[in-house]
Amino acid sequence: MDYSKTLSKNAQRIPPSGIRKFFDIAAEMDDCISLGVGEPDFITPQPFGAAGIKSIADGKTQYTSNSGLKELRMAVTCYLHESVKIDYDPINEVLITVGASEAIDLALRALIDPGDEVLVPSPSYVSYAPCVELAGGLAVAIDTRAENMFKLTPEELEEKITPRTKALILPYPNNPTGAIMEKKYLEQIAPIIIKHDLVVISDEIYSELTYGEEEHTSIASLPGMWERTILINGFSKAFAMTGWRIGYAAAPQDILSVMRKIHQYAIMCAPTAGQYAALEALEHSFRNDYAEVKEMRKQYNERRIYLVNRLNDMGLKCFEPRGAFYAFPSVASTGMTGEHFAEKLLYTKKVAVVPGSAFGASGRDFVRISYAYSVDKIKCALDKIEDFLAGK
4 MDYSKTLSKN AQRIPPSGIR KFFDIAAEMD DCISLGVGEP DFITPQPFGA
54 AGIKSIADGK TQYTSNSGLK ELRMAVTCYL HESVKIDYDP INEVLITVGA
104 SEAIDLALRA LIDPGDEVLV PSPSYVSYAP CVELAGGLAV AIDTRAENMF
154 KLTPEELEEK ITPRTKALIL PYPNNPTGAI MEKKYLEQIA PIIIKHDLVV
204 ISDEIYSELT YGEEEHTSIA SLPGMWERTI LINGFSKAFA MTGWRIGYAA
254 APQDILSVMR KIHQYAIMCA PTAGQYAALE ALEHSFRNDY AEVKEMRKQY
304 NERRIYLVNR LNDMGLKCFE PRGAFYAFPS VASTGMTGEH FAEKLLYTKK
354 VAVVPGSAFG ASGRDFVRIS YAYSVDKIKC ALDKIEDFLA GK
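Numbering (the numbering used here), first residue to last: 4 to 395.
Since the hints were made in silico from the structure, they are not lab data. By construction, the Cβ of each residue, glycine as well, lies at the ideal position given by its N, Cα and C atoms. Hints are supplied without guarantee of correctness; some may be wrong.
What the hints assert, rightly or not - With a cut-off of at most 20 Å between alpha-carbon atoms, the simulated PhoX-like pairs for lysine-lysine come out as follows:
| # | residue 1 | residue 2 |
| --- | --- | --- |
| 1 | K353 | K387 |
| 2 | K198 | K187 |
| 3 | K301 | K347 |
| 4 | K187 | K169 |
| 5 | K320 | K264 |
| 6 | K24 | K320 |
| 7 | K73 | K347 |
As the list claims (entries may be wrong) - Label-pair ranges, simulated between beta-carbon atoms:
| # | residue 1 | residue 2 | range |
| --- | --- | --- | --- |
| 8 | G246 | N291 | 35 to 43 Å |
| 9 | N13 | N291 | 29 to 37 Å |
| 10 | D257 | E161 | 21 to 29 Å |
| 11 | S68 | P157 | 48 to 56 Å |
| 12 | K320 | E161 | 45 to 53 Å |
| 13 | Y6 | E161 | 40 to 48 Å |
| 14 | E218 | D116 | 30 to 38 Å |
| 15 | T337 | N291 | 40 to 48 Å |
| 16 | T9 | K73 | 56 to 64 Å |
Please model the complete structure; the sequences and the hints are all you need to start from.
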């Protein structure tokens, strides 16, 4: 059978993830140090996990409502009110999803008709552009630059807007660069978004992992932006709950009702045990002033400072990431592209990093290094990278 004629042409055109290649090779290597995975090295805090286990022991193993547990949606609205000063109706404007990834997919499928254009800042998370294309749209990259700290500027945004542009994905704090968009920078792009009547898909999964004095700001909190923003977040990163697969979307009812309809047919509901664990994550955090989240953020920050200083000291120029748990150093000084650098480093020193090109063409001369690992592991890997650069 000729499967090339049977399988979707659209799906066949999409290349496989540029991250997986290096993960798969590293997994087969003995004693390989991987700094590539975007996953917390912390286990899920005990009270959160215990709540999920208890829900199973108590026989709470049925489907929840399509929108998710009412108690969890109420807790999410309390969290958003407290953290980003935005109010949503927990009944009609919040949807619990299978991770933030499903929320992104739902948002795109709810918005996009064939031929619609979606703006995607680059470098950014590998799934955005493929999800746009699977929804029938055209992903249009907006190349951001290290000299602007990988922020999206008004000029870069305006330049890429056409009559076919329908939406902008706003991925800050950013994976892979660690860039953030402070309030004053969001205020610069909001008028352009309103002028062109765009919808923003604001992926805020790393919002709790913001470093420095200024707290995370959601673009939905700015004047005129609530009605045109789909706010996406979840529990994977800040709460160390990747495997529980719980995320959420918050948006105006007219948008969310369409997202919910797609979710009903495709998924039914997010995992029940995961929802109970997420509920406890929020309720426990409310009661204890986010003690576990703050401790994890503190440790990430210490690793961030150490990693960036070491990279710059060894000649790999790296701007200061202010969010998430990634550094994005340039390897241009070595004369290699990010892909060549990553491949050679992997085979000669058994250290895995991710080529920046996996996150968009503008990442060609960079690599992504995750600091969601112990300081000892990061130090060992950096020592090997330093030897690699010295030709040892």
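We went through each hint and held it up to the structure:
1. Restraint check for K353 and K387: satisfied, since their Cα atoms lie roughly 9 Å apart, inside the 20 Å limit.
2. Of the pairs offered as hints, the one joining K198 and K187 holds, with about 18 Å between alpha carbons and a cut-off of 20 Å not exceeded.
3. As the CA atoms of K301 and K347 are separated by approximately 33 Å, the hinted pair breaks the 20 Å bound.
4. Proximity of K187 to K169 is assessed by CA-CA distance (about 24 Å); at most 20 Å being required, the pair is judged violated.
5. A C-alpha spacing of about 47 Å is found between K320 and K264, which places the hinted pair above 20 Å, so the restraint is violated.
6. Between K24 and K320 the alpha-carbon distance is near 25 Å, which puts this suggested pair outside the 20 Å criterion.
7. A C-alpha spacing of about 51 Å is found between K73 and K347, which places the hinted pair above 20 Å, so the restraint is violated.
8. Taking the beta carbon of each, G246 and N291 are about 23 Å apart, not inside 35 to 43 Å as hinted.
9. Take N13 and N291: their Cβ atoms lie about 47 Å apart, and the range 29 to 37 Å is violated.
10. One distance hint, 21 to 29 Å for the beta-carbon pair D257 and E161, holds here, with the actual separation near 27 Å.
11. Between S68 and P157 the beta carbons are some 41 Å apart, a value that contradicts the proposed interval 48 to 56 Å.
12. Between K320 and E161 the Cβ separation comes to about 29 Å, which falls outside the hinted range of 45 to 53 Å.
13. For the pair Y6 and E161, the supplied restraint of 40 to 48 Å holds, since their beta-carbon distance comes to about 43 Å.
14. Here the CB-CB span from E218 to D116 is close to 37 Å, well matched to the stated 30 to 38 Å.
15. The given range of 40 to 48 Å is respected by T337 and N291, whose C-beta atoms sit roughly 46 Å from each other.
16. At about 43 Å, the CB distance of T9 to K73 disagrees with the hint of 56 to 64 Å.
In terms of the numbered hints stated before, the structure departs from hints 3, 4, 5, 6, 7, 8, 9, 11, 12 and 16, listed from lowest to highest.
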